[in-house]
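**Q** Following the hints, put chains B and C in place on chain A, whose structure we already have.
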Amino acid sequence: MADPMKIRAALQGDVVEVRVLMAHEMETGTRKDASGKVIPAHFIQTVSATHNGNTVFSAHWGPAIAKNPFLQFKFKGGSKGDKVQITWTDNQGDKRTDEATIS
Amino acid sequence: MRARFILAATAGIALAMPVLAQTGASADFQKFRDVMEEDNPAELFEARGEAYWKTPSGPKHASLEQCDLGLGPGVVAGAYVQMPRYFADVDKVMDAESRVVHCMVTLQGLTYEAVTRQPFSNQSGTPAHVNVVTYVAGQSRNMPIAVPQRHPKEREMYQIGKEIFNFRAGPYDFACATCHGTDGKRIRMQDLPNLTRPEGAIKAVQGWPGYRMTGGLMLTSQWRMNDCFRQQRFPEPKYLSDTVTAILTYQAVNAKGQIYRGPGIKR
Amino acid sequence: MGYTRRQALKAGGSLGLFSALVALGLVKPGDAWAQAWNKGVFETKSVADALKALGASAPTMTADVIVTAPDIAENGAMVNVAAVSKLPKTQQIAYLIEKNPNTVTAVFDIPPGTLPEVQTRVKMGQTSNVMVLVKADGKYYAAQKEVKVTVGGCGG
Numbered sequence: 001m002a003d004p005m006k007i008r009a010a011l012q013g014d015v016v017e018v019r020v021l022m023a024h025e026m027e028t029g030t031r032k033d034a035s036g037k038v039i040p041a042h043f044i045q046t047v048s049a050t051h052n053g054n055t056v057f058s059a060h061w062g063p064a065i066a067k068n069p070f071l072q073f074k075f076k077g078g079s080k081g082d083k084v085q086i087t088w089t090d091n092q093g094d095k096r097t098d099e100a101t102i103s
Numbered sequence: 001m002r003a004r005f006i007l008a009a010t011a012g013i014a015l016a017m018p019v020l021a022q023t024g025a026s027a028d029f030q031k032f033r034d035v036m037e038e039d040n041p042a043e044l045f046e047a048r049g050e051a052y053w054k055t056p057s058g059p060k061h062a063s064l065e066q067c068d069l070g071l072g073p074g075v076v077a078g079a080y081v082q083m084p085r086y087f088a089d090v091d092k093v094m095d096a097e098s099r100v101v102h103c104m105v106t107l108q109g110l111t112y113e114a115v116t117r118q119p120f121s122n123q124s125g126t127p128a129h130v131n132v133v134t135y136v137a138g139q140s141r142n143m144p145i146a147v148p149q150r151h152p153k154e155r156e157m158y159q160i161g162k163e164i165f166n167f168r169a170g171p172y173d174f175a176c177a178t179c180h181g182t183d184g185k186r187i188r189m190q191d192l193p194n195l196t197r198p199e200g201a202i203k204a205v206q207g208w209p210g211y212r213m214t215g216g217l218m219l220t221s222q223w224r225m226n227d228c229f230r231q232q233r234f235p236e237p238k239y240l241s242d243t244v245t246a247i248l249t250y251q252a253v254n255a256k257g258q259i260y261r262g263p264g265i266k267r
Numbered sequence: 001m002g003y004t005r006r007q008a009l010k011a012g013g014s015l016g017l018f019s020a021l022v023a024l025g026l027v028k029p030g031d032a033w034a035q036a037w038n039k040g041v042f043e044t045k046s047v048a049d050a051l052k053a054l055g056a057s058a059p060t061m062t063a064d065v066i067v068t069a070p071d072i073a074e075n076g077a078m079v080n081v082a083a084v085s086k087l088p089k090t091q092q093i094a095y096l097i098e099k100n101p102n103t104v105t106a107v108f109d110i111p112p113g114t115l116p117e118v119q120t121r122v123k124m125g126q127t128s129n130v131m132v133l134v135k136a137d138g139k140y141y142a143a144q145k146e147v148k149v150t151v152g153g154c155g156g
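Residue numbers (our numbering), protein chains in the order written: chain A, 1 to 103; chain B, 1 to 267; chain C, 1 to 156.
If you're looking for bench data, these hints aren't it; they were derived computationally from the structure. Be aware that a few hints might be false.
Listed below are the simulated DSS-like cross-link pairs for lysine-lysine, each with C-alpha atoms no more than 27 Å apart in a straight line [stated by the list, open to error]: (1) K83(A) x K54(B); (2) K95(A) x K60(B); (3) K74(A) x K145(C); (4) K238(B) x K203(B).
If we strip away everything but chain A, and leave its shape as in the complex, we get (with noise of 0.2 Å):
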């Protein structure tokens, strides 16, 4: 199973900034392994963050994401102590979804 993602979401003003470390591989499909042999593309494809039931970002990558991606993102109407949960699925079809409370 996927590691959690470390999210941080801290209220500034009336805008919360969101910064996400994900534990994925973000193998683009392309290496090749010890003996030769090509190792799978494994990546996140799809992103998104919702708060009170409402999606606040999406986000749709490519391979080329670099490995244990970071992402950040800014949106208003949060409050301190709400919850932002983030989802990420890969093109395996792992998934994994963690949330964080505003600070």
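**A** Just chains B and C now, with coordinates in the frame of chain A:
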């Protein structure tokens, strides 16, 4: 125990001579790394290490929560900036990595061979002890380096480390000091920290464990030291050998009083 | 995104997963186009094809889109790229890396209430222009910046 004996050569090594030169890009690179430091993927490994620390596993089905890192069983906060240090239970000086492996063996009942079969991270994965070391290091973030020099064996380790640091040998007659003994040296694009002074030595301490962008691997001080011995065309030390503990002691003591801001992020 | 829901569903790949998510109640069927990943867009191999696939053939180059990335990346495995759009009604931000094997690296949807500002890290195989494409009020704009890469990042 003297450096000359520890370093007795066991392998033939000769590669291209590295070129000592001056270039201008390193300020840009520092800026680039600063951006990464704020959200360092090393944190993902800290989280894995913390989970391992707290979860029972191994033949004895025990967690590492009773591991004594020098401040008493289970005390993690602040332990890293006080290592390497003397541990009475084994009557020797250990660095963080050696101590974590020691705890996995004694508390969890794993064999030393099993824990160290894969000493360093590679494309096939990150060994559990590397995650744990990263967690332990992260629990000393923003604390001053305070490696003890009270016990005679701690002082002896420092002296041995100093001797190794200045020991010239190999096909190029290099010592660590050749590259790291004065200010302002560079190889290609890489700044070479002066490890004899606090401002330089702290770079060595907080660089590793570090997340290496090349390959996206979490690598430890032990790995860094092995790579330096290799770069110096010396035989690679055995994993967790006293040679490396001595060098790590020398660097960490030299960094005394500097604030630890690791785990690091490196090219 | 610049493609219809039907196209998105046809694009496949994540369709099985998508149905599963719908079944689990994790995704509302109406979220279809926001969820399905468009293979056609991500497999383009030139800026021209990428723009076409995104429905943005001739974007207006503008200083209202700001691309922040290092002049020189010490390591192409991890290059921080930030984008800010000052254009009203920004709906979407995309990263295109000219010299990478696949041009389109990321497409971000910016719903109302979300700031048109995003930051992520990309892999770059070699020195290249990084283009940020912005869709605002139905029209396309772009800006780009060259990033010199000293060690390529596509090996891993």
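**Q** Each hint should be assessed against the structure and marked as holding or not.
**A** Structure-based check of each hint:
{"no.": "1", "hint": "K83(A) x K54(B)", "in the structure": "26 Å, holds"}
{"no.": "2", "hint": "K95(A) x K60(B)", "in the structure": "33 Å, violated"}
{"no.": "3", "hint": "K74(A) x K145(C)", "in the structure": "23 Å, holds"}
{"no.": "4", "hint": "K238(B) x K203(B)", "in the structure": "24 Å, holds"}
Comparing the model with each numbered hint stated earlier shows that hint 2 is the single one that does not hold.
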